[in-house]
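A.B. asks: Listed here are the chains, written in short residue letters.
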Amino acid sequence: MTTVSDSDLDEADPSRGPRRRRITSVEVLCVVLLLAIVGQTWLQSAFDLPALRTGATVFVAVCVQALPFLVLGVLISGAIAAFVPARVLRKVLPRSESAAVGVAGVSGIALAGCECASVPVARRLIGQGVAPSAALTFLLAAPAVNPIVIVSTAVAFPGEPGMVLARFAGSLATAMVMGLLWIRFGKLEWIVERALRKLPDVHGKARWTTFAETARADLVDAGGFLVLGALISAALNVVVPDSWFGALGDQIVLGILVMAVLAVVLSLCSEADAFVAASLSALPLLPRLVFLVVGPAIDAKLFALQAGTFGKTFALRFAPATFVVAVCCGVVAGLVFLGGVR
Amino acid sequence: MRRETQNILLLLLGGALIKISLNGDYLRYVKPAHLPWLIAGGAVMVLLGGIAVVRDLVSAKAHQQGGAHGEHGHDHPARAAWLLVVPVLAVFLVAPPALGSDSVTRSTADAPTEPGAAFPPLPDEDDVDVVPLSLSDFVSRAGWDETGSLDGRTVALSGFVVHSERNTLLARLVISCCAADAFPVRVALTGERAAELPDDTWVEVTGTLVPDGEGEAGGEAGYVPRFKVETLTEIPEPRDRYEY
Numbered sequence: 001m002t003t004v005s006d007s008d009l010d011e012a013d014p015s016r017g018p019r020r021r022r023i024t025s026v027e028v029l030c031v032v033l034l035l036a037i038v039g040q041t042w043l044q045s046a047f048d049l050p051a052l053r054t055g056a057t058v059f060v061a062v063c064v065q066a067l068p069f070l071v072l073g074v075l076i077s078g079a080i081a082a083f084v085p086a087r088v089l090r091k092v093l094p095r096s097e098s099a100a101v102g103v104a105g106v107s108g109i110a111l112a113g114c115e116c117a118s119v120p121v122a123r124r125l126i127g128q129g130v131a132p133s134a135a136l137t138f139l140l141a142a143p144a145v146n147p148i149v150i151v152s153t154a155v156a157f158p159g160e161p162g163m164v165l166a167r168f169a170g171s172l173a174t175a176m177v178m179g180l181l182w183i184r185f186g187k188l189e190w191i192v193e194r195a196l197r198k199l200p201d202v203h204g205k206a207r208w209t210t211f212a213e214t215a216r217a218d219l220v221d222a223g224g225f226l227v228l229g230a231l232i233s234a235a236l237n238v239v240v241p242d243s244w245f246g247a248l249g250d251q252i253v254l255g256i257l258v259m260a261v262l263a264v265v266l267s268l269c270s271e272a273d274a275f276v277a278a279s280l281s282a283l284p285l286l287p288r289l290v291f292l293v294v295g296p297a298i299d300a301k302l303f304a305l306q307a308g309t310f311g312k313t314f315a316l317r318f319a320p321a322t323f324v325v326a327v328c329c330g331v332v333a334g335l336v337f338l339g340g341v342r
Numbered sequence: 001m002r003r004e005t006q007n008i009l010l011l012l013l014g015g016a017l018i019k020i021s022l023n024g025d026y027l028r029y030v031k032p033a034h035l036p037w038l039i040a041g042g043a044v045m046v047l048l049g050g051i052a053v054v055r056d057l058v059s060a061k062a063h064q065q066g067g068a069h070g071e072h073g074h075d076h077p078a079r080a081a082w083l084l085v086v087p088v089l090a091v092f093l094v095a096p097p098a099l100g101s102d103s104v105t106r107s108t109a110d111a112p113t114e115p116g117a118a119f120p121p122l123p124d125e126d127d128v129d130v131v132p133l134s135l136s137d138f139v140s141r142a143g144w145d146e147t148g149s150l151d152g153r154t155v156a157l158s159g160f161v162v163h164s165e166r167n168t169l170l171a172r173l174v175i176s177c178c179a180a181d182a183f184p185v186r187v188a189l190t191g192e193r194a195a196e197l198p199d200d201t202w203v204e205v206t207g208t209l210v211p212d213g214e215g216e217a218g219g220e221a222g223y224v225p226r227f228k229v230e231t232l233t234e235i236p237e238p239r240d241r242y243e244y
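Residue numbers (my numbering), protein chains in the order written: chain A, 1 to 342; chain B, 1 to 244.
These are calculated hints, taken from the structure and not from any lab test.
Hints may contain errors.
Chain A is faced by these chain B residues, among others (derived, beta-carbon under 7 Å) [to be verified]:
hint	residue
1	Asn23
2	Gly24
3	Asp25
4	Tyr29
5	Pro32
6	Val44
7	Ala81
8	Leu93
9	Ser103
10	Cys178
11	Phe183
12	Val203
13	Gly207
14	Pro211
Quick reminder that beta carbons are idealized off the backbone N, C-alpha and C, glycines included.
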């Protein structure tokens, strides 16, 4: 994704030079749309297989459910770029990086959205000069510890207040541990240069232009990767048989691992995953808690979004580390707050 | 990808969200509470795309401003943005239906249960002969209500027909956010009529819960109560296909 060919540069700047006669992406798009309309009957009959139809419905459902949250995220990202100068952010956050990680984790409570919203926001925070460790902590904390998620977990597990506490503690711990790990081991060059670029501070009317333009560009960037994530999760939803998870009731270690993988595979919205966890009643509480801690921190959809926003080098290191940390934090939180496997 | 193409895609995708919100198709994919989010999200997408188109047209007219584009940093190839075409095509051309029998046979997840939950009493037998109940309410009462509120009561249920290996089931899918988290609730229907109907036929049945002893249908994953059918009517597919 980092190579920039001449043709891309040409395409990116419509105002450059006299227009050459060549096939542009606008024309490609028109051809794609025309072909699809002409082939509509064929397309619909191709989706007549039950499994394919189920996959298509799940795909559209994940997109339809997540896109409004992504829009919210890019609006916040645009607002930060346009209206919050870097020096204000520097003033608000503590000077010490570890303290900033703590503040970022707790401030995740304020962004009431699911995980898709937090990726563009975290990227913009880094762009505006916030330490990456703090921004990444925010990225992991926001989707997991906000009030909507807490309430929906409480509703899904009535009579199990320990589950709510354990989820909150496990998720917050995951976010902070990852932030502290980044301080110790993280390297700025893992993140692609374009995610680090700082937008110039602007004033007056230009602010609104920056706001709209940043939000638009972020939406186009992240939207494509969200669609990729939705495709992966829909495919896995259909391909991976449910029965794999039924026979795990008494094998606790395997159960935890499989539930952690399932959280990555299903890519559920963090506001809904508690209900799915509640429905897997054959399993003890601990594996289901791990499912709830891992899901909002890393899943197929988030991995695609992170790779698109921060670059592949970053995502390939960050995602597996998050997975391991989240599993550990989930298990520890479960042992402390649930008092065992249960 | 050119800016123009990106803007067209944003307009199309925002339009797709608004379209399914207005014609009610969104109920196939998400729960009703998502409607304001969908409309607002779609509107913002259309606005962002529209503003960019207008600004480009204006600045193309005033040619001396041409250099201003450089600031916006579009110098990386946004190949992934092509994927935005996929949901646009899926919504406008394929319009996938709500989940049905395929998801019911695929899933082994059980409806969440609340042992010891208090169930409000059903209306008095003298007032109402046939009590309409949601399928999820019926199944959890059958499994967990210790006061036996269903005993001997005639209830009306609606759902679609699914043939499993050993039973004919009446099923509904319950979603808590979007169709990706759907799980099924089922009852096993007695009688020949239901057995002859094809999968995914929507029916309304009246009848009673088969009492303890032979009350649970065998060969199914999870708890599936048996339902003794008195009347069975085919109904058109409802607008709200899911329970919440």
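A.B. asks: Run every hint past the structure and note whether it holds.
C.D. replies: Verification of the hints:
{"no.": "1", "hint": "Asn23", "verdict": "violated (13 Å)"}
{"no.": "2", "hint": "Gly24", "verdict": "violated (13 Å)"}
{"no.": "3", "hint": "Asp25", "verdict": "violated (9 Å)"}
{"no.": "4", "hint": "Tyr29", "verdict": "holds (4 Å)"}
{"no.": "5", "hint": "Pro32", "verdict": "violated (13 Å)"}
{"no.": "6", "hint": "Val44", "verdict": "holds (5 Å)"}
{"no.": "7", "hint": "Ala81", "verdict": "holds (4 Å)"}
{"no.": "8", "hint": "Leu93", "verdict": "holds (5 Å)"}
{"no.": "9", "hint": "Ser103", "verdict": "holds (6 Å)"}
{"no.": "10", "hint": "Cys178", "verdict": "holds (4 Å)"}
{"no.": "11", "hint": "Phe183", "verdict": "holds (5 Å)"}
{"no.": "12", "hint": "Val203", "verdict": "violated (20 Å)"}
{"no.": "13", "hint": "Gly207", "verdict": "violated (26 Å)"}
{"no.": "14", "hint": "Pro211", "verdict": "violated (24 Å)"}
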